[in-house]
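**Student:** Model the full structure from these sequences, guided by the hints.
Here the protein sequences come in this chain order: A and B. The numbering of the first sequence is the working numbering, which starts it at 759 and goes up by one. The numbering of the second sequence is the working numbering, which starts it at -18 and goes up by one.
Please note: incorrect hints may appear among the correct ones.
Some, not all, of what chain A presents toward chain B, calculated at C-beta under 7 Å [claimed, not checked]: (1) Lys759; (2) Lys800; (3) Gly801; (4) Ser804; (5) Leu805; (6) Gln856; (7) Phe859; (8) Ser861.
Derived by calculation from the structure, the hints in this document are not laboratory data. Note that the coordinates shown come from a computational prediction; the quantities given were computed from them, not determined experimentally. Where is the CB? At the ideal position from N, CA and C, for every residue including glycine.
Residue strings, one per chain:
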Amino acid sequence: KQEVTQIPAALSVPEGENLVLNCSFTDSAIYNLQWFRQDPGKGLTSLLLIQSSQREQTSGRLNASLDKSSGRSTLYIAASQPGDSATYLCAVTGSARQLTFGSGTQLTVLP
Amino acid sequence: KAGVTQTPRYLIKTRGQQVTLSCSPISGHRSVSWYQQTPGQGLQFLFEYFSETQRNKGNFPGRFSGRQFSNSRSEMNVSTLELGDSALYLCASSLMAGSDYEQYFGPGTRLTVT
Chain A
759 KQEVTQIPAA LSVPEGENLV LNCSFTDSAI YNLQWFRQDP GKGLTSLLLI
809 QSSQREQTSG RLNASLDKSS GRSTLYIAAS QPGDSATYLC AVTGSARQLT
859 FGSGTQLTVL P
Chain B
-18 KAGVTQTPRY LIKTRGQQVT LSCSPISGHR SVSWYQQTPG QGLQFLFEYF
32 SETQRNKGNF PGRFSGRQFS NSRSEMNVST LELGDSALYL CASSLMAGSD
82 YEQYFGPGTR LTVT
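**Tutor:** Here it is in structure tokens:
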């Protein structure tokens, strides 16, 4: 059974700092990995989708990498802003063809 | 282009009742998936529909069911509600079924069972 772990569970940084969020998964037979953002009480906003054949994806200040063989992904956020404060979730699509989510990293960017 | 819409946004029901939640996907999207989010279990997959057919189902009891209409809109139903069914129910749509397609989520329906 696929398990997705996100470390740390919570992170607080000052504005302007670069930061890295980690995601690991137990079964490397995945089709893709997706990073989402969730604001309190809201739905999920897709940030980046990395197909299993890709190593990384970039969107603005966000860069996500995928190392399928080691079962790891990182989300790099450059020059963090208070508006980046949210919970960040990673999810993998495995052999069951459904998204399996991690428990998320709650990020607070202090002004 | 309008995003995924879910109705109602908030719902309060009593234990033993049943409830129906609705999801309208992004225009042109044909696959709809449902997820349950709780503080204790996190986000868990309920089921996926494509072309009015259930393609995939998560590990939930038979009280949870769904359907998809010819216009791709989807509904999920929970019968004989239990206190533990209190959760945020999220719907996601994608262009097609399958792993290559990005999923776009709606704002969710917050269900409270008393």
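**Student:** Now look at each hint and say whether the structure bears it out.
**Tutor:** Status of each hint after checking the structure:
Because the beta carbon of lysine 759(A) sits about 10 Å from the nearest beta carbon in chain B, more than 7 Å, this interface hint is broken. For lysine 800(A), the interface hint holds, the least distance from its beta-carbon to any beta-carbon of chain B being 6 Å, beneath 7 Å. Interface hint status for glycine 801(A): upheld, as the beta-carbon distance to the closest one in chain B is roughly 4 Å, under 7 Å. Proximity of serine 804(A) to chain B holds as hinted, the smallest CB-CB distance being about 6 Å (cut-off 7 Å).
With a cut of 7 Å, the hint placing leucine 805(A) at the interface with chain B is violated, because the nearest CB-to-CB distance is about 10 Å. Interface restraint check: glutamine 856(A) against chain B, minimum CB-CB distance 4 Å, threshold 7 Å, status holds. Here the hint on phenylalanine 859(A) is kept, as its CB sits about 4 Å from the closest CB of chain B, short of 7 Å. Contact between serine 861(A) and chain B, as hinted, is supported at the beta carbon level, the nearest pair being about 5 Å apart and thus within 7 Å.
Of the numbered hints stated above, those contradicted by the structure are hints 1, 5, listed in ascending order.
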